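Please build the complete structure, drawing on both the sequences and the hints.
1 is the number of the first residue of the sequence shown in the numbering used here; add one for each residue after it.
No lab work stands behind these hints: they were computed from the structure. Remember, it's a predicted structure, so these values are computed and weren't measured experimentally. Be careful, since some hints might not be right.
[Stated by the list, open to error] For lysine-lysine, the following BS3-like pairs were computed, each having C-alpha atoms within a straight-line distance of at most 30 Å:
#1 Lys54 x Lys73
#2 Lys85 x Lys73
#3 Lys3 x Lys48
#4 Lys93 x Lys48
#5 Lys73 x Lys48
#6 Lys93 x Lys54
#7 Lys78 x Lys93
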Amino acid sequence: MKKIVLTGFMLAFGVSSSLAMSYSKPIQSPAQKQYADNTHKLVDIYSKDNKNSKVSAQITFENQDNYNIFYCKQNTIKRLEEYAKVQDQKIAKLYAMIMQMQQDFTYALEQQQAQINQLKQAYYY
1 MKKIVLTGFM LAFGVSSSLA MSYSKPIQSP AQKQYADNTH KLVDIYSKDN KNSKVSAQIT
61 FENQDNYNIF YCKQNTIKRL EEYAKVQDQK IAKLYAMIMQ MQQDFTYALE QQQAQINQLK
121 QAYYY
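Quick look at the structure:
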């Protein structure tokens, strides 16, 4: 009886291994199958803010380096533009302060040089 059961197991193992070797297509996991079925599309680019609008382009694995992708909520771009304007105004004020300080420093150096020259003249007389 043991020989019959052992022979049956060996026969089943032989048949299953021969069938496994005869199947030439590699086994794919569900994630690989989805990746293979998809045309390597990562993201759709819409012409407007909602998904009902027309798809103007697609970002794929091949062209993903051509895009900078960021996600924002409503009015974020407007707030960023306003923030950039405020920062530009602050930069302009700082630039004006630097120019004024540079002029003050130049004036102070000129006054100091004039005093040095007066002291040199007084020393020689």
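Run the distance test for lysine 93 versus lysine 54: straight-line Cα separation, threshold 30 Å.
44 Å, violated
Within a Cα-Cα threshold of 30 Å, do lysine 85 and lysine 73 meet the stated pairing?
Within the cut-off at roughly 20 Å; holds.
Holds or violated: are the alpha carbons of lysine 3 and lysine 48 at most 30 Å from each other?
74 Å, violated
Quickly compare the C-alpha distance for lysine 93 and lysine 48 to 30 Å and report which way the hint goes.
37 Å, violated
Are lysine 54 and lysine 73 close enough, with their CA atoms no more than 30 Å apart?
Distance ~20 Å between lysine 54 and lysine 73 Cα, so the pair holds.
Keeping to a limit of 30 Å between CA atoms, is the pair of lysine 78 and lysine 93 held or broken?
Distance of about 23 Å is within 30 Å: holds.
If you draw a straight line from the CA of lysine 73 to the CA of lysine 48, is it 30 Å or shorter?
13 Å, holds
Checked against the numbered hints above, the structure breaks hints 3, 4 and 6 and satisfies the rest.
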